[in-house]
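Residue numbers (the numbering used here), protein chains in the order written: chain W, 1 to 342; chain E, 1001 to 1447.
Derived from the structure by calculation, the hints contain no laboratory data.
Don't take every hint at face value.
As the list claims (entries may be wrong) - Here's a subset of chain E near chain W, in silico, CB distances under 10 Å, partners left out:
1) S1048
2) M1075
3) E1082
4) P1217
5) S1320
6) G1414
As the list claims (entries may be wrong) - Below, in silico cross-link-like pairs of lysine-lysine (DSS-like), each with a Cα-Cα straight-line distance of 30 Å or less:
7) K1408/E / K143/W
8) K1444/E / K138/W
9) K1350/E / K1444/E
10) K1305/E / K138/W
11) K241/W / K1444/E
12) K1165/E / K1180/E
13) K215/W / K255/W
14) K138/W / K1408/E
15) K143/W / K1181/E
16) K1233/E / K1305/E
We put the beta carbon where it would ideally sit given N, CA and C, even for glycine.
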Amino acid sequence: MATTISTYSRNDYINFSVLMVLGFLIIPMTVNSDYWFTSILIPWLCLALATIGQQVIMGYTGQLALGAAGFMAAGAFACFNLILRVDGLPFFGALIISGLIAAAIGIVFGLPSLRIRGIYLMVATLASQFFIIWVIDKFGWFKNYDSSGIITAQDIVIFGRPYTSPVDMYLVILVVVTVMTILAINMARGSTGRNWMAVRDMDVAAESMGVSLLKTKIQAFAISSFFCGVAGALFAFTYLKSLEPVAFDIKLSFKILFMCILGGLGTINGAFIGAGFILLFPVLLNYLGNNVFHGAIDATIISALEQVVFGVLMIVFMIYEPLGMARLWENLKQRFFKKKDK
Amino acid sequence: MFNNLKRKLFIIATIIGSLSMFSIPQNVSAGAHEQYFPIASSRVGPYSAMGTGYYGAQIDYMNYVNMNGGVNGVMLTWQECETEYNAVKTVECYQRLLEKDGQRIVVFDTLGTPGAYAVINRMAEDNVVLAQYGYGRTDGADGTVWPWVFNAASHYWSQIAVKLKFMAEIEGGIPNMEGKKIVHLHIDSAYGREPLPAMRAITEEWGMELVEISIPPPGLEQQSQWLQIRKEKPDWVTFWGAGSGMNSTAMTNAARVGFPRDRMMYVTFGAAEEDMYPAGDSAVGTYAVANALPGDDFPLVAAIKEQVYGAGKGNLADESRVGSVYWNRGLGAAVMWIEALKNAQEMHGKVGKAVTGAEFRDGYEALNMTTERLAEIGIENMVAPFSISCENHEGAGKFAVMQWDGEKFNQITGWEAPLDPGYIRSLVETSAAKFAEENNITPKVCS
């Protein structure tokens, strides 16, 4: 190791380079099925980004907030309206502004966190979920007065080149997710994250040490909503390709919450693992159900069984590994990598 | 350090390798003499009654066709994927089902307007027909803008127009409709809002007052909405719900606030036995419309019951649901697939061979279900006779009104068209033209 104080170890750099090579070179070159890009990788990355947002507020700052999907909807509709109404606004510009709009809304709904905490805060933030969706539904302007209420998302155009093929869209998302993940890791490891964790572990002690509760909590809410907003815009523009408030319902909020808890609270890689598990496991079960047991068992029973198996697995997981899958991954790494490194 | 790197690469490679196994198509072997169909079913959740009946019938019919030698020798294969009536999952299912053993689907049926909207823009690019059997995006009926989208049999705008016509008949003519109040009580989704453009136009023309009340999904909680209805004192309620829970809750709530059930008109997707039974006596008298009538005495239904269920190959666990509203509707949809496939084989000289999406589209557009043809298939009177053309993708545009008597639905009108089908058509064309303009689509010229 270098003698100077380095924030990141050599291992971190290796991990990072391997992941980047994998994400930007190996996957686009080897995966040639659109299904993998459009139905697995794209939603996974989008939801992982939203889960990082949830991690910031819940895992790091310890504020039980529910309503990530509401902020995703805010981001998605902001992005649609920005591209529609502001001529010449580049896609990334629209993406950042939609994130900022979501963040502004997040600050408003984060204000109650100064007075209430725990499960009561969860109820208060739940309001954001319903309020945002209601506003979008109620005022036709947000949907450009479309009669059906489902609008088609515009194509992503960056520097005059349309990014519409699955691989293109995957790369766009990957760039955004990479940049934002690095930001999140740095925030979590820096003084910002330390403030968050101080507030999480004991807010009175944090305050007496000079950490401003107001600033820290509001900042966490803003950053969390920013991540969710950007994730929502990406989710709508690349995965759904249409915008509909119903797609961002309370179920999605809960899903993101579960991704966060199952992945491991207070970890960034847990966001990716959790999102992968919650999103992909039902797909895998459905796939197995249809291919392995096809015809052998009544299809209705298979469909119901998938949900039973999934539910049982979640319970088992929480009992045997309450610290989440990120911890499980750490343990695995310890067993496989560390032995020979001595 | 390099050891470490190598090991990491190895483990990552193993993970990718094991994952990619899933992307390799498995199951039934490929063959030129098979035609592959997707079943994007919804068997769990609040909408399961709809999904099991509808998709069950499609599978039953395909089994029936296979048992009788296939379509000119082409055997039908299919794969199922669970959407839970959820637009996000429908997109995933669409991508998953898109190809199997190198063969691409030729048709997709979401049985849900939200799902249809989620995939509708992919159809032209992927060369897949979106067959919306009485649901979905209404202006898809304009074949010049939406060559790959079909609303047969009959879309929601015709449906609402038929309902309003029926009400006018009961009230004693259109002049009597002036000043009448109508509540459109709907699930808050694209599906619930879909009839509104036509409904607003017609009620305004007739001088009626339209009150729109929405119910957030899944719609098991409707107390405040019904209190509002009691306050509004409407003359009629058109109910646009989804799922047995929501549909039956509306009737029990109507009974509670004393709103007469024979002033309620249910949507096609609320008009099933499974939606009525849970409400018990509260359901008696409710009106509903159908684009495929229930009943198990149609010759084809009886034949499937005998041959498929007789051989123990039926898809429904409860055989008594064969001949119910949802099952017969699914049968109507599946019959159209197979007829379109036959047309496509004949039109493109591929009799006895698998067809492509573009060929299937031509076959679907050439559907001409005359009374004679329907009788030949064995579903005469189950669906209204219709034909599809290059411009008009709607089909019959007709509905039959039924009334629930506590045990079954009784058909009380024949196949009714809207009072002014040309007007509904002009609304469709205007809406499609707006979409074409917004999205830079040049409408196809039909010769």
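Handout entry: Indices of hints not satisfied (ascending)
Key = 2, 5, 6, 7, 8, 10, 14, 16
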